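So the protein lines, in turn, are chains A and B.
According to my numbering, the first sequence holds residues 1 to 208 in order.
According to my numbering, the second sequence holds residues 1 to 208 in order.
The hints are simulated quantities; they were obtained by calculation from the structure and are not laboratory data.
The structure presented is a predicted model; accordingly, all values stated were derived computationally and were not measured.
Among these hints, one or two may not hold up.
Treat identical chains as interchangeable: a pair holds within one or across any two.
As the list claims (entries may be wrong) - Cut-off 20 Å, straight-line C-alpha distance, at most; resulting in silico cross-link-like pairs (SDA-like, lysine to any residue):
(1) K132 / G78
(2) K13 / G41
(3) K104 / E72
(4) K50 / E198
(5) K13 / E43
(6) K132 / L117
(7) K132 / P114
(8) K13 / A40
(9) K13 / R151
(10) K133 / P114
(11) K24 / A156
(12) K13 / S39
(13) K133 / Q205
(14) K132 / E175
(15) K50 / E175
(16) K104 / I51
(17) K104 / E129
(18) K13 / T66
(19) K172 / D182
(20) K133 / R68
(21) K172 / H90
(22) K50 / R14
Number of protein chains: 2
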Amino acid sequence: MSSVILALDIADKRRALEIVEETKEYLHAVKIGWPVVLSAGMEIVDEVAKITEVICDFKVADIPNTTRLIVEQARRHGASGIIVHGFVGHDSLRAAIDAAGDMKVYVVAEMSHPGALDFMQPHTEGIIEMAKKEGAYGLIAPATRPERLRRIRELAGSMEILAPGVGVQGGKAREAIENGADYIIVGRSIYNSENPREAAKRLYQETL
Amino acid sequence: MSSVILALDIADKRRALEIVEETKEYLHAVKIGWPVVLSAGMEIVDEVAKITEVICDFKVADIPNTTRLIVEQARRHGASGIIVHGFVGHDSLRAAIDAAGDMKVYVVAEMSHPGALDFMQPHTEGIIEMAKKEGAYGLIAPATRPERLRRIRELAGSMEILAPGVGVQGGKAREAIENGADYIIVGRSIYNSENPREAAKRLYQETL
Chain A
1 MSSVILALDI ADKRRALEIV EETKEYLHAV KIGWPVVLSA GMEIVDEVAK
51 ITEVICDFKV ADIPNTTRLI VEQARRHGAS GIIVHGFVGH DSLRAAIDAA
101 GDMKVYVVAE MSHPGALDFM QPHTEGIIEM AKKEGAYGLI APATRPERLR
151 RIRELAGSME ILAPGVGVQG GKAREAIENG ADYIIVGRSI YNSENPREAA
201 KRLYQETL
Chain B
1 MSSVILALDI ADKRRALEIV EETKEYLHAV KIGWPVVLSA GMEIVDEVAK
51 ITEVICDFKV ADIPNTTRLI VEQARRHGAS GIIVHGFVGH DSLRAAIDAA
101 GDMKVYVVAE MSHPGALDFM QPHTEGIIEM AKKEGAYGLI APATRPERLR
151 RIRELAGSME ILAPGVGVQG GKAREAIENG ADYIIVGRSI YNSENPREAA
201 KRLYQETL
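Full structure from sequences and hints, please.
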């Protein structure tokens with residue numbers, strides 16, 4: 001059972017699918033975001049979903065009705081999970097969970113870029129509390145800030161935690177797991193590696 | 001010169017383009033969001049952009065690099081403007097503005113659904129201040145809350161204000177303009193009308 005999620009930030013659909021085929025044995029899932037959908041189309045979600053689980057990283061931050069429409073599309077294309085923002089409040093999250101069906105809804109608890117300190121960070125606890133209350137499946141918390149990850153783990157109860165930022169962004173795989181992440185999200189360190197399969201395997205072993 | 005922006009929330013591309021053709025004479029621009037892009041593809045942006053100005057309502061809320069990639073795609077497909085969240089902080093907004101080129105960047109100052117009170121509303125002033133400082137072109141503020149719109153107008157200086165929520169959601173066109181909106185955003189009241197052209201014309205005249 002792997003703890004590695006591949007962030008598939010590759011615009012070229014053929015290359016993206018190749019990387020997934022090469023590394024799938026060592027992956028828990030693949031995360032696909034807007035830039036790739038905008039260049040490759042939502043068909044990339046359908047195609048990767050035939051190989052492994054797909055989490056749509058759409059960071060949905062809209063009113064409830066629009067949220068519902070976006071989540072429904074992710075579901076229609078075979079995604080197993082979707083990432084939404086919590087800062088837009090309880091009714092938008094409710095709409096996401098109601099529209100998700102069997103899909104797992106992950107709420108952004110905290111982001112890792114400097115601007116996350118401007119407005120978001122003081123609300124991490126409130127967002128986690130809301131996510132718990134509404135019944136979200138999991139949280140997104142930064143591997144780049146282990147002490148925050150540990151704090152979020154304390155607050156999260158049994159919610160699953162996915163930790164992006166491992167590798168090029170500076171987060172360490174083993175450390176993230178030890179601080180409470182259930183899964184680490186890794187992009188460039190795998191797909192820009194000369195041997196993506198070996199890179200995925202190393203991360204897989206590191207997090208066993 | 002019209003003050004009406006059509007929110008083109010129609011998944012059927014042919015019908016969407018028909019509505020734009022019928023109403024264009026009375027429109028300032030057309031707003032296109034994720035649900036439509038997910039079902040019709042980004043080609044809908046290219047096609048509407050041949051008829052009138054397009055604002056991509058992507059409510060981007062991501063780290064700077066992902067923000068840049070999303071904004072670049074909107075620009076590549078001919079959009080004239082893009083809507084981003086300010087909540088994610090100054091560096092994400094900076095990335096959006098830098099990637100936008102001639103495109104106008106609009107920052108969500110406040111949303112109108114109940115959940116917007118959970119975390120966002122206390123930050124309206126801070127977000128406007130940041131948007132001003134970073135040189136954003138405009139703001140999004142709710143036509144459904146005229147007193148908030150008026151307050152946002154006071155803080156916005158010369159920034160352009162687009163006000164969604166007119167029509168079915170309860171906002172009034174004339175009132176929004178009088179409280180400081182430069183443009184009103186209207187969806188269902190136009191495209192679900194028996195005569196979309198007449199509905200757009202009425203709103204156009206109401207806001208002269």
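Hint-by-hint comparison with the structure:
1. Proximity of K132 and G78 under a CA criterion of 20 Å is satisfied in neither setting, with 25 Å inside one chain copy and 41 Å between copies.
2. In the homo-oligomer, the alpha carbons of K13 and G41 lie at most 20 Å apart both inside one protomer (9 Å) and across protomers (16 Å), since each shortest distance falls under that limit.
3. For the homomeric pair K104 and E72, the shortest alpha-carbon distance inside one copy (12 Å) is at most 20 Å, but the shortest distance between copies (29 Å) is not.
4. Neither within a single protomer nor between protomers do K50 and E198 lie at most 20 Å apart by alpha-carbon distance, with minima of 22 Å and 47 Å respectively.
5. In the homo-oligomer, the alpha carbons of K13 and E43 lie at most 20 Å apart both inside one protomer (9 Å) and across protomers (18 Å), since each shortest distance falls under that limit.
6. For the homomeric pair K132 and L117, the shortest alpha-carbon distance between copies (18 Å) is at most 20 Å, but the shortest distance inside one copy (23 Å) is not.
7. Taking identical chains as interchangeable, the C-alpha atoms of K132 and P114 lie at most 20 Å apart only when they sit on different chains, with a minimum of 19 Å there against 26 Å within one chain.
8. For the homomeric pair K13 and A40, the shortest alpha-carbon distances inside one copy (6 Å) and between copies (19 Å) are both at most 20 Å.
9. For a Cα distance limit of 20 Å, the shortest separation of K13 from R151 qualifies neither inside one copy, at 38 Å, nor across copies, at 47 Å.
10. When the C-alpha separation of K133 and P114 is checked against a cutoff of 20 Å, the pair qualifies only between copies, where the shortest distance is 17 Å, while the shortest distance within a copy is 28 Å.
11. For the homomeric pair K24 and A156, neither the shortest alpha-carbon distance inside one copy (28 Å) nor that between copies (50 Å) is at most 20 Å.
12. With identical chains, the CA atoms of K13 and S39 are at most 20 Å apart both within one copy (9 Å) and between copies (19 Å).
13. Neither within a single protomer nor between protomers do K133 and Q205 lie at most 20 Å apart by alpha-carbon distance, with minima of 35 Å and 47 Å respectively.
14. Proximity of K132 to E175 under the C-alpha cut-off of 20 Å is found in neither arrangement, the shortest distances being 25 Å within a copy and 39 Å between copies.
15. In this assembly of identical chains, K50 and E175 lie within 20 Å of each other by CA distance neither inside one copy nor across copies; the values are 31 Å within and 51 Å between.
16. With identical chains, the CA atoms of K104 and I51 are at most 20 Å apart within one copy only, with a shortest distance of 18 Å there and 40 Å across copies.
17. Taking the shortest Cα distances, K104 and E129 sit within 20 Å of each other inside one copy (17 Å), while across copies they are farther apart (36 Å).
18. For the homomeric pair K13 and T66, the shortest alpha-carbon distance between copies (18 Å) is at most 20 Å, but the shortest distance inside one copy (27 Å) is not.
19. Within a single copy, K172 and D182 get their C-alpha atoms as close as 14 Å, which meets the 20 Å cut-off; across copies the closest is 48 Å, which misses it.
20. Taking CA atoms no more than 20 Å apart as the test, K133 paired with R68 passes inside one copy only; the shortest distance there is 19 Å, against 34 Å between copies.
21. For the identical chains of this complex, K172 and H90 are neighbours neither inside a copy (32 Å) nor across copies (26 Å), given an alpha-carbon limit of 20 Å.
22. When the C-alpha separation of K50 and R14 is checked against a cutoff of 20 Å, the pair qualifies only within one copy, where the shortest distance is 15 Å, while the shortest distance between copies is 30 Å.
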